[in-house]
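Visitor: With the hints as your guide, set chain B onto chain A.
Listed below are the residues making up each chain.
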Amino acid sequence: MTQITITVNGKAETRDVEPRTLLVHFLREELRLTGTHVGCDTSQCGACTVHLDGRAVKSCTVLAVQADGGAVTTIEGMARGEVMHPLQAAFKEEHGLQCGFCTPGMIMSAADLLARTPQPTEAEIRGALEGNLCRCTGYQNIVRAVQTAARTMAKA
Amino acid sequence: MIGASVKRKEDGRFLTGRGKYTDDITLPGQLHAAFVRSPYAHAKIRAVDASAARAMPGVRAVFTGADLKAGGVNPIPVGWLHAGINVAEHHAMAVDAARYVGEAVAVVLADSAATARDAAEAVAVDYEELAAVVSAVDALRAGAPQVHGNAAGNVAFTWQLGDAAGTDAAIKGAKTVVRQHLGNQRLIPNAIEPRACLASFDAANDELTLYVTSQNPHVHRLIMGAFVLGIPEQRFRVVAPDVGGGFGSKIFIYPEEVVACWASKQVGAPVKWTATRSEAFLSDSHGRDHETEVEMAFDAAGKIVGLRVHTVANMGAHFTLFAPAVPTYLYGTLLSGQYDIPVIHVSVTAAYTNTVPVDAYRGAGRPEATYVLERTLDIAAGTLGVDPAELRRRNFIAPTKFPYQTAVALQYDSGNYAPALDKALGMVGYAQLRAEQAAARAKGRYIGIGLSSYIEACGLAPSHVVGSLGAQAGLYESGAVRVHPTGKVTVLTGSHSHGQGHETTFAQIVAHELGCALDDVEVVHGDTAKIPFGMGSYGSRSGAVGGSALFMSIQKVKEKGRRIAAHQLEAAVEDVDFKDGTYFVKGAPGKQKGFGEIALAAYLAHNIPGDMEPGLDSTSFFNPSNFVYPFGTHIAVVEVDPATGHVALTKYVAVDDFGNVINPMIVDGQLHGGIAQGVAQALWEGGVYDGNGQLLTGSMMTYALPKAHFLPMVESDRTVTPSPINPLGVKGAGEAGTIASTAATANAVLDALAPFGITHLDMPLTPAKIWAAIQTARGGH
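Protein sequence lines correspond, in order, to chains A and B. Per our numbering, the first sequence starts with residue 1, numbered consecutively. Per our numbering, the second sequence starts with residue 1, numbered consecutively.
Hints may be right or wrong, so weigh each one.
[Unchecked claim] The list that follows gives simulated cross-link-like pairs (lysine-lysine, DSS-like), each with its CA atoms no further than 30 Å apart:
no. : chain 1 : residue 1 : chain 2 : residue 2
1   : B       : K303      : A       : K11
2   : A       : K92       : B       : K9
3   : A       : K92       : B       : K488
4   : A       : K155      : B       : K9
5   : B       : K303      : B       : K401
[Claimed, not checked] Okay, the calculated beta carbon distance ranges per label pair:
no. : chain 1 : residue 1 : chain 2 : residue 2 : range
6   : A       : E13       : B       : R445      : 54 to 60 Å
7   : B       : A439      : A       : T121      : 23 to 29 Å
8   : B       : G615      : A       : E122      : 51 to 57 Å
9   : A       : E18       : B       : A47       : 50 to 56 Å
10  : A       : E13       : B       : Q266      : 32 to 38 Å
11  : A       : T121      : B       : A435      : 28 to 34 Å
12  : B       : L696      : A       : M1        : 46 to 52 Å
13  : B       : L696      : A       : R15       : 54 to 60 Å
These are calculated hints, taken from the structure and not from any lab test. All C-beta atoms in this analysis are idealised placements derived from N, C-alpha and C, irrespective of residue type, glycine included.
Isolated chain A (complex conformation) (with noise of 0.2 Å):
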């Protein structure tokens, strides 16, 4: 066992890990935050996409040890109170969500691209979501949930 400390959603958060813990079930299992999913053991479906230290990383490639010291955002931390960031309410708007199982991923791969390129085209917002796999959508209306977004977040 190894003890790491990692921020989540703002708060410290200290644990006793296996090493071989993977960040995705850290934050699953011993820290009960389950809107991160596991979707793949092939890192191609992106469910369990998280922020580690400012930067889209898929949770079920990440030791928890190697997120040591480091600051986690998980979906349970985009929303402020009640108010819903500005992707979740545009994915609400804009349908960007059936079954809500790659959601979560989608929406943290989306934020990532967003800080990086706010007003992306519809090329580089497929092209920025490769890695993350939809079944439900055909991805159309997740597309225009980014883009409504990215409108939104101009206007702030």
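Guide: Below, chain B alone, put in the same frame as chain A:
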């Protein structure tokens, strides 16, 4: 409210990470299951040595297939039986032999998932490898390895429909006969949430609770309780909480769920299992996998005079729940499409193979039928020298011919096909596009235009019809409306949402009918402890069947309220009307009662008719009299790069007739996702086994799911022909996109390749396949 693109009520929890999927549920003291799976496609199990695994710290138990059988667990039954079908016993874990790679052989229960997996690797199984057979065509050859002892020649069943002699005569007498072999490759569903279950036996009350990724929790309870495990239904609760997509793959009763339930009772602790994606590839039922010979006969005017179809269907190693229905009644009956075809004959031979079982996957039989018809029509258009749109139009069933009795059993209640075709042609700018295509070809660019005019029979299903065809249960649906004393409403539906948005659309129906606010309606689904009964969601049935059951209950509640209102307003019942949430006496302004007042009165029971029971609720079962028949035309436009074989899907137009639409935003969403899956079959996806039965496409690295940048924005529109068989006038919309888009896309690619003299290639139309075909056509190798 009905017809409005209301934003979804369920979105809040999903967007903030508060959705509750099966794997998100943790019970105190739960153990984790890991399965030992066969690495061989076909092997005799000589012995299982679990001593090393049992000795590992944290391991609580190891069970084998033989343990389960000895423990009284029955085989998993089949829910649809044909005459003469050879049903081989399907045990939750292999007892004597494993029949596909991934079949469960033993299970380890341990304190953590990681420990369970470590221990599963320590279970030593002594296999005697046997010869395996992978393709259905090979399985039916003389001398092929036998998958089951009781299915000689690996024939699972044979089935036919239509007029064999009449079709033979029509083909012999035809001016032109188009013949083609068509492969419809195996698909692997890949809902993004892997299957999971958590079973908890409560010894104190002798009750079992199962949380499971299910599209139909009541069906799970009935079959597992009554047939497999022998648990009384009243002491067995099945909960399908938030479910992350299904596409058919979460209909069936899976071995892992059976094992978890049984094992929980054995060890006295909750047992949880969540599939890894690798396990999902090897254990979720697959879809499609047909090999078809088609003959379409035409007269001199380009009218179809007969159609003969013979299909070999791969069932995999076992029948799962609906499997026998998929390549038969959900397939052969759709072979008339939108066309007036006087005689049709379809025959199907279904084979057992050493592969993952094949069952319903989005569309289930209907995409296969549409592909056969629409691909063949395009080949025929080339042969006859007729424009593909014109050839379709020439053969459409005339709008005056409805109700139309097809040559393959179905009676279409309604339809009007030319307007949808015309609309789609207009949207895509067909004439202009054909001119651009010709101009581009002259410059060495290969644009293709593909049409698909589809029909679907969904809203499964009239119980008496499916019962007569072999279904072991009817396919009605329940819907209960509970009006609370405050006038707020709880809806209990036997339908299940795993992405379709029932919590919104069903609330819309109630709000529309009762004149209340959407937020005053709560829709409950997915829990056998709360909902009377239900058949679940598949076959595009939620709105047409589940919504109709709900509608019936609303009417009963409204009518009871009307009687209370008449009593209180001292009016005759027939003089009382209901509008926008208010009962009022016709022609007497001011004499009125709000729905909330009446609800309260129903529960206070101080002032209701003397012969009336207090309370205000109703449960209804809707048993449809027919299927519903959505239809439409989709058009795909592609450009093929002849240097690489790469296909770019540049435009996609969809015109669909779903009858009345409750929530257009949600229906469009269903359509977009369905189209993506259908396009993916045409261009990218395919489950591939090697000759030894090893799945070569066993991960998301090797199985090509569509990504965001593979797809364009779909342009969609609708025509509206309400269904006459349900009170909402709705048809199903969940599968139409998939049913239409595979053929449209494949047709577009082959249209692009026409200048090379390539008339057909089997899907998926990958760059390598296209490039090779172009090289061959150009006289290369």
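Visitor: Evaluate each hint against the coordinates.
Guide: Quick rundown of the hints versus the structure:
1. B/K303 <-> A/K11: violated, 72 Å
2. A/K92 <-> B/K9: Holds - the C-alpha atoms of B/K9 and A/K92 are around 9 Å apart, at most 30 Å.
3. A/K92 <-> B/K488: holds, 25 Å
4. A/K155 <-> B/K9: holds, 26 Å
5. B/K303 <-> B/K401: Judged against 30 Å, a Cα distance of about 16 Å means the pair holds.
6. A/E13 <-> B/R445: 54 to 60 Å: With Cβ atoms ~57 Å apart, the hint holds.
7. B/A439 <-> A/T121: 23 to 29 Å: holds, 28 Å
8. B/G615 <-> A/E122: 51 to 57 Å: Holds - the Cβ-Cβ distance for B/G615 and A/E122, about 54 Å, lies within 51 to 57 Å.
9. A/E18 <-> B/A47: 50 to 56 Å: violated, 33 Å
10. A/E13 <-> B/Q266: 32 to 38 Å: holds, 36 Å
11. A/T121 <-> B/A435: 28 to 34 Å: holds, 29 Å
12. B/L696 <-> A/M1: 46 to 52 Å: Once the Cβ atoms are compared, 40 Å apart, the range 46 to 52 Å for A/M1 and B/L696 is violated.
13. B/L696 <-> A/R15: 54 to 60 Å: Roughly 40 Å apart at Cβ, these two residues miss the hinted range, so it is violated.
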